[in-house]
Amino acid sequence: MGAQVIIGEEAATRKDEELEGSGASAQELITLNHVHKIYQMGDVEIHALRGVSLHIKPGEFVAIMGASGSGKSTTMNILGCLDKPTKGHYYLEGQDVSKLTKDELADIRNRKIGFVFQGFNLLARTTAIENVELPLLYLGAKHSERIKRATECLELVGLGQRLHNMPNQLSGGQQQRVAIARALVNQPSIILADEPTGNLDSRTSIEVMGVFQYLNRERGITVALVTHEPDIAQYAKRVVVFKDGKIKRDYLVDDPRSASEELESLPPVDVDETEDDE
Amino acid sequence: MNLLLTFKIALKALSRNKMRSMLTMLGIIIGVGAVIAMIAIGQGASSQIQSQIAQLGNNMLFVMAGSSRTGGMRGGSGSTNTLTVEDSEAIARECPSVRMTTPGVRAGGQLVFGNQNWSASSGIMGVNENFPDIRSWPVTSGEFFTEGDVRTSARVCVIGKTVADNLFAGVDPIGQTMRIRNLPFRVIGVLSTKGQGQFGNDQDDTVMVPYTTAQKKMLTITYINQVMVSAISPSATFTAENQISDLLRQRHKLGPNQEDDFFVRNLTDVAEAADQSSKIMINLLASIAGVSLMVGGIGIMNIMLVSVTERTREIGIRMAIGARSKVIRRQFLIESITLSFVGGLIGVLFGVAAAITISRTLSWPTLISPASIFISVIFSMLVGILFGYYPARKAASLDPIDALRYE
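Line order of the protein sequences matches chains A and B.
Taking this note's numbering, the leading residue of the first sequence gets 1, the next gets one more, and so forth.
Taking this note's numbering, the leading residue of the second sequence gets 1001, the next gets one more, and so forth.
Calculated from the structure, these hints are not laboratory results.
Among the hints, erroneous ones may be present.
As the list claims (entries may be wrong) - Derived lysine-lysine pairs resembling DSS-like cross-links, with alpha carbons at most 30 Å apart:
id : chain 1 : residue 1 : chain 2 : residue 2
1  : A       : Lys84     : A       : Lys99
2  : B       : Lys1253   : B       : Lys1216
3  : B       : Lys1326   : A       : Lys102
4  : A       : Lys148    : B       : Lys1326
5  : A       : Lys237    : A       : Lys57
6  : B       : Lys1008   : B       : Lys1326
7  : A       : Lys102    : B       : Lys1394
8  : B       : Lys1326   : A       : Lys87
9  : A       : Lys87     : A       : Lys248
10 : B       : Lys1394   : A       : Lys84
11 : A       : Lys142    : B       : Lys1326
12 : B       : Lys1012   : A       : Lys142
13 : A       : Lys102    : A       : Lys84
14 : B       : Lys1394   : A       : Lys87
15 : A       : Lys148    : B       : Lys1018
16 : A       : Lys148    : B       : Lys1008
17 : B       : Lys1326   : A       : Lys84
18 : B       : Lys1018   : A       : Lys142
19 : A       : Lys102    : B       : Lys1012
20 : B       : Lys1008   : A       : Lys102
21 : B       : Lys1326   : A       : Lys99
22 : B       : Lys1394   : A       : Lys99
23 : A       : Lys102    : A       : Lys142
24 : B       : Lys1012   : A       : Lys148
25 : A       : Lys142    : B       : Lys1008
Stated by the list, open to error - Residues from chain B that face chain A, not an exhaustive set, calculated with beta carbons under 7 Å:
id : residue
26 : Leu1005
27 : Arg1016
28 : Glu1314
29 : Ile1317
30 : Ala1320
31 : Ile1321
32 : Gly1322
33 : Ala1323
34 : Arg1324
35 : Pro1400
36 : Ile1401
Quick caveat: nothing in here was measured; it's all calculated off a predicted structure.
Heads up, the beta-carbon is just placed ideally off N, CA and C, and yes, glycines get one too.
Given the sequences, and given the hints that come with them, work out the whole structure.
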């Protein structure tokens, strides 16, 4: 697997030409250039983003922090191609996606972005493997291909034994891992996680962060996650702090926490509460 | 994203909530079932009336000799002998609404063939060569007598099926000679089966001879008992009735104050009215059933709208992972069409079962027409498209960010 496989060589050379004078560089996966976002609420204009510039290289693990209303969610929506900047440019793998149509954005989301949400957002009454293959269905992949890749991704997040479980038969941590597998299945350029540990207890949070760290370290997958918990941010390699629609701080974490080491030090009780049920 | 995959997605979404899908289909099932059953009942009644009309003959009227009045005593109808062959010919010639006529001379008597004998319950009828056409009663074997046979008072006869079976058991009657009232007749044809008449009489238990033969050789009379008339069309029977009445009053020289010495009976008219009312009945039943189909459609729209709201988050997820609006719209449209189509098919089964049950238990004739099945299935699909479009468009127009945040 490996998400960066998608950034092939021909894509890289094409990018060099496109990026002349844009301020984006060929090595960058994500480039936000002076992005503004203004919402019109009746007569009131809400300036959610006031000139955000952000560069993310392949293989990074970025935590985006900030209080509510700081603009981190808006940034996340723009990064995820769910929303478009009012002003400024967003280059994803060198492609300016700030001016694309709704359908083109949908295709970009399908091919290049994997989402992980706070509330897992799995389809109810749908097995883990069917949830994971969903992006491939919209891609138009063949049945055998879908099953193969979905199975691989579920195995990758440690749910190889749970392929046919419904979400309500899985623990919160397992559901989030299904969601991560779904985010992985289209081999995206980046995984965007919006408060992925928000609904989980601390131990399960560490487990899920462990999955992200594993994917980032062992598979070279780029991860950007939004969180308001400082200790969760410490699992990332880099932290970007938002305040009032601008980036206030952007620093590298000297010594990121290691989820796997921490898990080992924890007592091995109820590692996976449902795992032992059967 | 091809249509087949969208179809798969829609089917999966439907199967995820089977109870709701079933309830949604129920409206269409009842609607289509009702349409099929109602039309089957209506058409069954109509076809029965149609066949009764066909049995009566070809837009047929009867002219019977009227009652006689001798002093204060009146005889029954047909008891006078004022009706003549000339009347029959004049009706054919002078009434514009009349296509053709035949005189009718009734006789009774024993039929003998070899050592068998038989008395035809529907009697011996003297008619002319127009009879098979007027009564829509062709021969199955042999042939009917010709104008020449009538002119020459030939001793030929055409027998009904019952007579053929009873008198000629095991023998081909054609070409045989039988005796009617002790006169030898050559059998030249056998009439097709007509079944029971209006009063339960066996119409096939009869013998047809040229009316001239009946008048001269059997009964030695000059009058006739009745005239059978065929009008030019079903609706013309009414005008024909008036024309015949006027003509006969004139021919029989009846003054303005005198009663008719004949009766004109228009059976087609009554049957036509019955047919008309049964057709009105079909339309009425079908429109009531159509309304219930419409209500079923609105039910689909209702559920689909609720479902769009309920599944807002699901729509958000689908959009976030790359479903285009068009694909979402198609998915919901396919869902509603599938519901209405499958509902329609189940409805057809229900309707057919209901029609069969009704015809078995109430012995009411039903006729299931393929057209009504086809039309109601197509119509139910149209209902699915019509009432599925708005919810589908609503689903597709959702903003993914809002949809994902929806609680």
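Hint-by-hint comparison with the structure:
1. A:Lys84 - A:Lys99: holds, 7 Å
2. B:Lys1253 - B:Lys1216: This hinted pair holds, its Cα atoms lying about 26 Å apart.
3. B:Lys1326 - A:Lys102: Roughly 10 Å between the alpha carbons, so the hint for B:Lys1326 and A:Lys102 holds.
4. A:Lys148 - B:Lys1326: Holds, at about 27 Å.
5. A:Lys237 - A:Lys57: The hint holds at about 12 Å.
6. B:Lys1008 - B:Lys1326: Roughly 15 Å separates the two Cα atoms, so the pair holds.
7. A:Lys102 - B:Lys1394: holds, 16 Å
8. B:Lys1326 - A:Lys87: Roughly 27 Å separates the two Cα atoms, so the pair holds.
9. A:Lys87 - A:Lys248: holds, 20 Å
10. B:Lys1394 - A:Lys84: holds, 22 Å
11. A:Lys142 - B:Lys1326: Answer holds: A:Lys142 to B:Lys1326 is near 21 Å, not above 30 Å.
12. B:Lys1012 - A:Lys142: holds, 17 Å
13. A:Lys102 - A:Lys84: Distance of about 10 Å is within 30 Å: holds.
14. B:Lys1394 - A:Lys87: It holds: about 29 Å lies between the C-alpha atoms, which stays within 30 Å.
15. A:Lys148 - B:Lys1018: Within the cut-off at roughly 28 Å; holds.
16. A:Lys148 - B:Lys1008: holds, 18 Å
17. B:Lys1326 - A:Lys84: holds, 20 Å
18. B:Lys1018 - A:Lys142: holds, 26 Å
19. A:Lys102 - B:Lys1012: Holds: A:Lys102 and B:Lys1012 sit about 26 Å apart, inside 30 Å.
20. B:Lys1008 - A:Lys102: OK: B:Lys1008 and A:Lys102 at ~24 Å, within 30 Å.
21. B:Lys1326 - A:Lys99: Holds - the C-alpha atoms of A:Lys99 and B:Lys1326 are around 20 Å apart, at most 30 Å.
22. B:Lys1394 - A:Lys99: Status holds; Cα separation ~24 Å.
23. A:Lys102 - A:Lys142: holds, 25 Å
24. B:Lys1012 - A:Lys148: holds, 20 Å
25. A:Lys142 - B:Lys1008: holds, 12 Å
26. Leu1005: For B:Leu1005, the interface hint holds, since the closest Cβ of chain A sits about 6 Å away, which is under 7 Å.
27. Arg1016: holds, 4 Å
28. Glu1314: holds, 6 Å
29. Ile1317: holds, 5 Å
30. Ala1320: holds, 5 Å
31. Ile1321: Status holds, d = 4 Å.
32. Gly1322: holds, 2 Å
33. Ala1323: The hint holds - B:Ala1323 has a Cβ within 7 Å of chain A, the shortest such distance being about 5 Å.
34. Arg1324: Result: holds, 4 Å to nearest chain A Cβ.
35. Pro1400: holds, 5 Å
36. Ile1401: holds, 5 Å
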